[in-house]
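Undergrad: Chain residues, written in single-letter form:
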Amino acid sequence: MPEPLLNVKGLSVEYRTSRGTNHAVDNVSFTLDKAETLGIVGESGSGKSTLGLSLIGLIPFPGKIVDGTITLDGKDVLKLKKEELRKLRGTGICYVFQDPMTSLNPVKKIGDHFVEMIRAHQPKVTKKEALERARNLLKDVGIRTERVSDYPHQLSGGMRQRVMIALAIALNPSIIVADEPTTALDVIVQAKILDLLNSLRDTYGLALILITHDLSIVLERSDKLMVMYAGQVMECAPSHVLYSDPQHPYTRGLLKSIPNIELADQKLEAIAGSPPDLLGLPCGCRFWPRCKEAFERCTKEEPKLFRTAENHWVRCFLYDQEGETQ
Amino acid sequence: MTSNPSEILRVEHLRKYYPVEKSFLEKMLARNRHFVKAVDDVSFDVRRGEIFTLAGESGCGKTTTGKLVLKLFPVTSGKIFFDGQDITGLKGEELRALRRKMQMIFQDPYASFNPRMRVGDAVGHSLEIHKLAKGEEKKQHVKDILERVGLVPAEKFVDLFPHQISGGQRQRAAMARSLILQPEFIVADEPVSMIDVSLRTAIIDLMLDLRRDFGLTYLFITHDLAIAKYISDRIAVMYLGKIVELGRKDAIFNSPVHPYTKALLAAIPVPNPERKRNPSELIGEVPSAIDIPSGCRFHTRCKYAKEGCSVKEPELVEVTPGHFAACGGFSKA
Numbered sequence: 001m002p003e004p005l006l007n008v009k010g011l012s013v014e015y016r017t018s019r020g021t022n023h024a025v026d027n028v029s030f031t032l033d034k035a036e037t038l039g040i041v042g043e044s045g046s047g048k049s050t051l052g053l054s055l056i057g058l059i060p061f062p063g064k065i066v067d068g069t070i071t072l073d074g075k076d077v078l079k080l081k082k083e084e085l086r087k088l089r090g091t092g093i094c095y096v097f098q099d100p101m102t103s104l105n106p107v108k109k110i111g112d113h114f115v116e117m118i119r120a121h122q123p124k125v126t127k128k129e130a131l132e133r134a135r136n137l138l139k140d141v142g143i144r145t146e147r148v149s150d151y152p153h154q155l156s157g158g159m160r161q162r163v164m165i166a167l168a169i170a171l172n173p174s175i176i177v178a179d180e181p182t183t184a185l186d187v188i189v190q191a192k193i194l195d196l197l198n199s200l201r202d203t204y205g206l207a208l209i210l211i212t213h214d215l216s217i218v219l220e221r222s223d224k225l226m227v228m229y230a231g232q233v234m235e236c237a238p239s240h241v242l243y244s245d246p247q248h249p250y251t252r253g254l255l256k257s258i259p260n261i262e263l264a265d266q267k268l269e270a271i272a273g274s275p276p277d278l279l280g281l282p283c284g285c286r287f288w289p290r291c292k293e294a295f296e297r298c299t300k301e302e303p304k305l306f307r308t309a310e311n312h313w314v315r316c317f318l319y320d321q322e323g324e325t326q
Numbered sequence: 001m002t003s004n005p006s007e008i009l010r011v012e013h014l015r016k017y018y019p020v021e022k023s024f025l026e027k028m029l030a031r032n033r034h035f036v037k038a039v040d041d042v043s044f045d046v047r048r049g050e051i052f053t054l055a056g057e058s059g060c061g062k063t064t065t066g067k068l069v070l071k072l073f074p075v076t077s078g079k080i081f082f083d084g085q086d087i088t089g090l091k092g093e094e095l096r097a098l099r100r101k102m103q104m105i106f107q108d109p110y111a112s113f114n115p116r117m118r119v120g121d122a123v124g125h126s127l128e129i130h131k132l133a134k135g136e137e138k139k140q141h142v143k144d145i146l147e148r149v150g151l152v153p154a155e156k157f158v159d160l161f162p163h164q165i166s167g168g169q170r171q172r173a174a175m176a177r178s179l180i181l182q183p184e185f186i187v188a189d190e191p192v193s194m195i196d197v198s199l200r201t202a203i204i205d206l207m208l209d210l211r212r213d214f215g216l217t218y219l220f221i222t223h224d225l226a227i228a229k230y231i232s233d234r235i236a237v238m239y240l241g242k243i244v245e246l247g248r249k250d251a252i253f254n255s256p257v258h259p260y261t262k263a264l265l266a267a268i269p270v271p272n273p274e275r276k277r278n279p280s281e282l283i284g285e286v287p288s289a290i291d292i293p294s295g296c297r298f299h300t301r302c303k304y305a306k307e308g309c310s311v312k313e314p315e316l317v318e319v320t321p322g323h324f325a326a327c328g329g330f331s332k333a
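Top to bottom, those sequences are chains A and B.
Take the first sequence: its position 135, counted from the start at 1, is 135 in the working numbering, and no numbers get skipped.
Take the second sequence: its position 264, counted from the start at 1, is 264 in the working numbering, and no numbers get skipped.
Derived from the structure by calculation, the hints contain no laboratory data.
These figures come from a predicted structure and were not determined experimentally.
Among the clues, some could well be false.
[To be verified] In the EDC-like style, the derived pairs of lysine to aspartate or glutamate whose C-alpha atoms are separated by at most 16 Å in a straight line are: (1) A:Lys64 with A:Asp33; (2) B:Lys249 with A:Asp265; (3) A:Lys256 with B:Glu128; (4) A:Lys9 with A:Asp33; (5) B:Lys249 with A:Asp195; (6) A:Lys267 with B:Asp205; (7) B:Lys276 with A:Asp195; (8) A:Lys267 with B:Asp209; (9) B:Lys276 with A:Glu262.
Can you build the whole structure from these sequences, using the hints too?
TA: What follows is the structure, encoded as structure tokens:
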């Protein structure tokens, strides 16, 4: 089997605070191939953003990667020096942040954002050349080229998010991580931004990681999905499998709680309770206090990821029969 | 005006314009002042016991309409009738008495609570303002209502500060706060848009339960048509300050008429990996509310726009009984 583009193995991230240690990401593994889309779904506090940020070494203080490896194109990302890591952020993995309102510098013109970024990585490029590239990139994402001389406040939220995406693809990275790229946007703009990401993926062969709390967005657009809860992967499967055969009670609960306009007279079911405090995790399975199917073993022992089919992993004792563990 | 007993709220030709501040020189030179037309000639009625949804993108005037209805600020023109009574010009004590009957749930559960007030005090505050109860009686009321919205044990939540409870619990507390005066009518402005998906359903179900138990009527404001479909009886789709389509939920979802409604529906994410999605047909982005396009305000983004669309502003026309749309491309003739 050829080496995947990105290979994350046993990644664990901790935040050490005065109140205790918060295992924000706990032993997460996944792979990503070229032109593939991975959706990471989870509620706030599930560790999905920390996971995304750890890929580019940007976990906020006091977070720390305590275990695991991240291999990109055969290189170990965690062993990179500061300067190499900086290079990686432009040409290897690029991040599109959630809030387009605050991620652009308000006193800098749109074009200058591109100039700064391109020249930081390729100092030989002149300002003029960088601006020319900025125009082409803006065209790619569907913004009129005159906009290079506008300030961020002159752009709408959707346009700002497009600029963020244009910045992300400026140096031809191999992976784009989009962290809730559309949460701050309206439905129509949301659909357009997601279409744009998809078409960029197809044209440039980018790999895409979509991080979101909204399962309906990623089900439609990802090749495979990872459902996270309290720092752990609860279920990982190709999207169509996860949709037709959701196995973890949490995944099933999520699917039942999102409205689907294609279904007539849908009855939504809520998942009882609320996500746990990461500093006071329940004993055993992290989901059991909210789980309808929990039995005694769940409250005592922590389940491993069980393999139920070729690419289908579930962290639930309901599937602990003959399945092999990871 | 004939008042229909089943109708709790009626809005006629509601307008809200905000003047655009200009520099002194511009004021001297400009012939006419510019306005942001946040709400521009909106009429609808809400029937007792129903959930009426105002849907649209940000900037379409849905929240402004909701706040105007509650008399949170004055209208530019138009009339608002509540329970058959004209409340447009109501002031002072009369307005305060009215506020008991109509309450609001705000979008942001983080911003709508005073961070220094305990949940119990915040929820019971309006009882004191309206001089309905105080002391032990008030405490009992607060406990009852907290229990009703699912914040149990109430004794625990009464003494907590807003930052000590989760977003979903805060939105439940917000509901308790608006319900404690036993209102008849509630404006719910995107009550679940800032809450995690797994908790949304519980909040929505609570809203539906409360409607049944307290005989409430909701004006529900949302940009999320998937939720609108789940909760509403009737839906009005707004675009740039105007209602472009209004009708029963089934009519809007099964046979939408206006191209904007169709585009909104096409943009809703469907949790189904098998589904093939067509790219949005809409051109560009929402124009500024200061500079509203002539004729049909949607024609600049409409794929089906004809010559006449930029000249004549279409009126709301009844397409089928109870289903209205304002589109020049559609006429009965």
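Undergrad: Need the list of violated hint numbers for this structure, in ascending order.
TA: 1, 3, 5
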